[in-house]
Amino acid sequence: MVEEQELCLMDSRSVTPQYVEISSAIPRESSSAVSLAHISSDDEQHSEYHLETSTESVFRTPAVSTRGRKRRQLEDITSGLVESTTAIQGKRGRPRNSTRGRGVGRRINNAQSQEDADESSLFSLVKRGKNLQVVINNWIEEYERHPENALVQLQQFFISCCGCKGVISSVMLQTMEYSEIIRQMTDQFDEDSGDYPLIMPGPQWKKFKQTLADFVLLLVNKCKSNYIFDQRLMDGVIQLLTGLADSQALHFSIFPNISAMKLSSSLVDVALELVDLKTKNVKQVETEKAKLRAEAPNNRLDVLINKKTEIDDKTEDIRQMLAYIFKSVFVHRYRDVVPDIRSICINELGQWMSVYPDHFLDDSYLKYIGWSLYDKVSDVRLKCVSALLPLYNVPHLAQKLELFTNKFKDRLVSMVMDKDCEVAVRTCQLLTEIYRVYPEVLTVKDCVPIYELVYCNHRGLAQAAGEFLNTKVFQILEVMSSEKKRASDNSKQLIIDLVQFFVEGDCHDHAAYLVDALIDTNPMIKDWKTMSDLLLSGEAEGFESELIEVLACSVKQAATAESPVGRTYSTKKGSAVNKDARVLQEDRSRLSENLIPQLPQLLQRASISYANFIADRDKVANLITVPLFFELDMYMASRLEKHLDELMSTLESIVEKHADDEILQSVAEVMSYFSTNISVAQHTETHRLKMLDGLALQLRHSVQHFHREQALDEEDDAAMLAAFRKITAFAMFEDLKKWQLWDVAFSVLTNGEEKQVSRDVGEKAVVLLFASLCWDVSRLTREQEPNKEEALRRLQRHKEEFTELVTSIMMSGASGVENAFLCFVDALMMFNGMDEKSLAIKLDNEIIRALSMFVQDNVFVEENESEQLLDQQTQVELMHKRRKILVQFCKLILHGILPIYEACVVLQFYTKFYTDFGDILKTLLTKCRDMDRLSCAKAVITALSHHYEEIKRSSSKNFVDPNSDEFASIRDLAKRFSSLFGSDFIKNREALAIIHKDGIVFAVKSDEDGSGPVENRNISFLEILCEFSNKLLRQDKLSILKYLEKHGERFVSEEPYIIYKASLQERIDEATSARNPVVRGRGRGRGRGRGTPTYASTASVYGGDE
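In case it helps, this note's numbering puts the sequence shown at residues 1 to 1106.
Just so you know, not all the hints are guaranteed correct.
What the hints assert, rightly or not - Computed cross-link-like contacts, PhoX-like style, restricted to lysine-lysine with a CA-CA straight-line distance of at most 20 Å: (1) K891 with K927; (2) K278 with K308; (3) K912 with K975; (4) K308 with K280; (5) K1042 with K997.
Quick caveat, the hints were computed from the structure, so don't treat them as lab data.
When you get a sec, could you build the whole thing from the sequences and use the hints?
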């Protein structure tokens, strides 16, 4: 039989290999100051116990051991394989009398020596990517003929893989201990050579690590029948690898650790095969025993019993090998200084536990994974969690983890907040599996951090927390398919539990994050029919608003697959994209089928027991967004025109009762969306025209009443504001040319009499005018005007009226007119970017001044006491408005509508408001510099001079003290501007020259009558210019120095003049050194600055002013 043949092939020698104790195989050394703690041999022997011993001693955290391998220097020990090698290579140099070159030449010589190696060696064959099957078969044939030579080849292979050029001979194996051989190889090992195969560059080395692992696995697989039990092959390989793993040479220790772990994995595979053979053998023995009772005795039973004994002996041999490698390598290297080694050890241990749980799934092995959960490197922690996940997925294996779970539960719960998101995700998945096996282990306190993660920014972590939430909170009851009523009640209860979790959790204000975390794992998120039934039946009393918010968010998420702000949604390539589109279409059709009949009822529902939905702002604001995701073709295809009419009537009622901007804009957007479908648009056209006619008529009546009355009371003003809000909301989505509302809105803002409209009415009127301008431009560009010349003249007139109106509003200094400014900026962008240049808005000084003053008065405002009393949400909204205004002003500069010089208006506040607007102003500076360096330089020096003048005006003596805090703020601003120009002196040569020239002119200018005292002048501004002196070339410093001496001869005795002149003379000491030889002898290489380019031409950048 096949089994008997396999058993016969697995003959072992009569002498069972006995592995020496760890204490005798590995030399003990005192641990160095830089070595990590390792488990001592005595401690490891003490910890080899099972559950019969104390539970505290099983998972006792290992103490600092006296055993450890010495490393060369602290710099040689790094956290990664590549970094460690690089650090070692760069630290030590060659001996003084060495003939080997340095740098690239040394690497070339090493590479050449690597190429000149014996091409027939195992290392060369594996390195060149030869067929491993053929290589190993040839080696096995050599081992059968000459075992000693073959063993020398194999051990030489391992030595060469470490990067060592030492050679092992058969004489050394016969006369020397392995510790002596390794010590000799260590002396011959040149760690500076850089020839380390695992990290060497080149295509042939990229796959060397995987090829090496395959070589070890295949070698053991080929020799599993006989040679690994011959007490020679595995004895030599294991003792060599364990000895190398404990070597003082770092490269010697990294490779053997990897090989030893792979060797253990291959031995585990052999052990599994032996277990299968033993199972078959037991069945055969039982069969033969049954036959023995019925028939005469035969010899087959004795053969099978002998084979069973042989299998047991071989299994015991494999267990001894695994235990020896584990104690010799893993126990000391799972806490190695190199993170890669620790990761490999934990990863391999996890695989052993998964495939061979009978031997490795024990607390004496699990404790190493538990201790490694505290590792500082995230990859090691990830390997630990990944090793545990498959164990908890198998019920009969998970039952063996009870003690481990209780011991390390607190650590696992804390790891859901790991800084590495991948570790946190896997930990969350692991805790979900733990709860399924041990539901009583996790307390409420343990679960709260996981609950909160459904609102985090990382989508994968939020979904993992959502899966835990499904398992822990939303337990789905077992229902029979025929019990429809019970199933419906269960769905309602699940949704109620979901809303209660959202309300009671008090973790976040937005349901979109909760919906996004659960939508892919819990079908109740898409159970829109049950949600609407709960709302209509009154069972959701007390949490209607929250349920409607969840409903609206789930509809949007299902129809668009757009994650909330802050969460990214990654789509897969290829067919997955088409599949996602198909799923989205199916969800959209299903939600339309469920909600089209019920949405009008939800909006219209009124009850005595609780308030009408239409009277609740938040509820209607969320519900009104639902129709935007309907499949409009379903109205006509499913004959749902009745529900469409009901919805239109409901929208008319909402517009009539509400004056909220968000609700009105949502209604207008819905009406515009329904107009995109021809069939639906024909059915809703009557409702749309009726609604717009009513709103236009209401606006005209309100404006007429405003002009007719001498003064408006609060009720009339509110009515006119509501009329403007409603018509403005529709003007953003509908072309209202038919109703001719330009003159109506314009007359309100240009009223010649003393009575003025309120601020809110004025803002809405400006927005209405701007929307009319946009629709006029749209019709003109799309050639939808029958009389283009007349339309062009009308647009020109409207543009001029709008420009004059908005300029006067901004110059009036009224607060709260942000919409006027924003609309005017958008109008400038729109008209100045058109092909029709005659429509471009020409900016005169008055308009530019109005824009600049508006920005200064409304953006760069000191926080007062009234603003400090506002709640946080209001303060955030206020800051958002200010940032929006600043961004709009910067857009005008960057698009060339305003000159770059006007950037000085905002740049002078760069340091003062750096916390609030620093990112915007820095981007503006960088882009202005890239567009035009000269104009940017003028803006910079003007911003500095404006800031200086502002401080000078605010001082009592009309003088800026260089020792004051205000002057220090100007210097700080100059430092930030100076860093803008970087280290490229050539590109910035002319720009820096302009800064110095204009700065000198500003500093030395006289008073208007020229008779004022020196203190009242700007001479201290020269100290500000010192911040830009280090950016100048030497010949430019000479030119600027001459320019300073020519224009500032009256201030030569002033301290700012002396300081600025010294900053210009700092890099031109060659001239003085020519006269003073003592200065020349100060040091070598003093003549020219390193990295400062010199030029043949020293022409001044000032031309005639020099």
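Status of the hints after comparison with the structure:
{"no.": "1", "hint": "K891 with K927", "verdict": "11 Å, holds"}
{"no.": "2", "hint": "K278 with K308", "verdict": "7 Å, holds"}
{"no.": "3", "hint": "K912 with K975", "verdict": "14 Å, holds"}
{"no.": "4", "hint": "K308 with K280", "verdict": "10 Å, holds"}
{"no.": "5", "hint": "K1042 with K997", "verdict": "11 Å, holds"}
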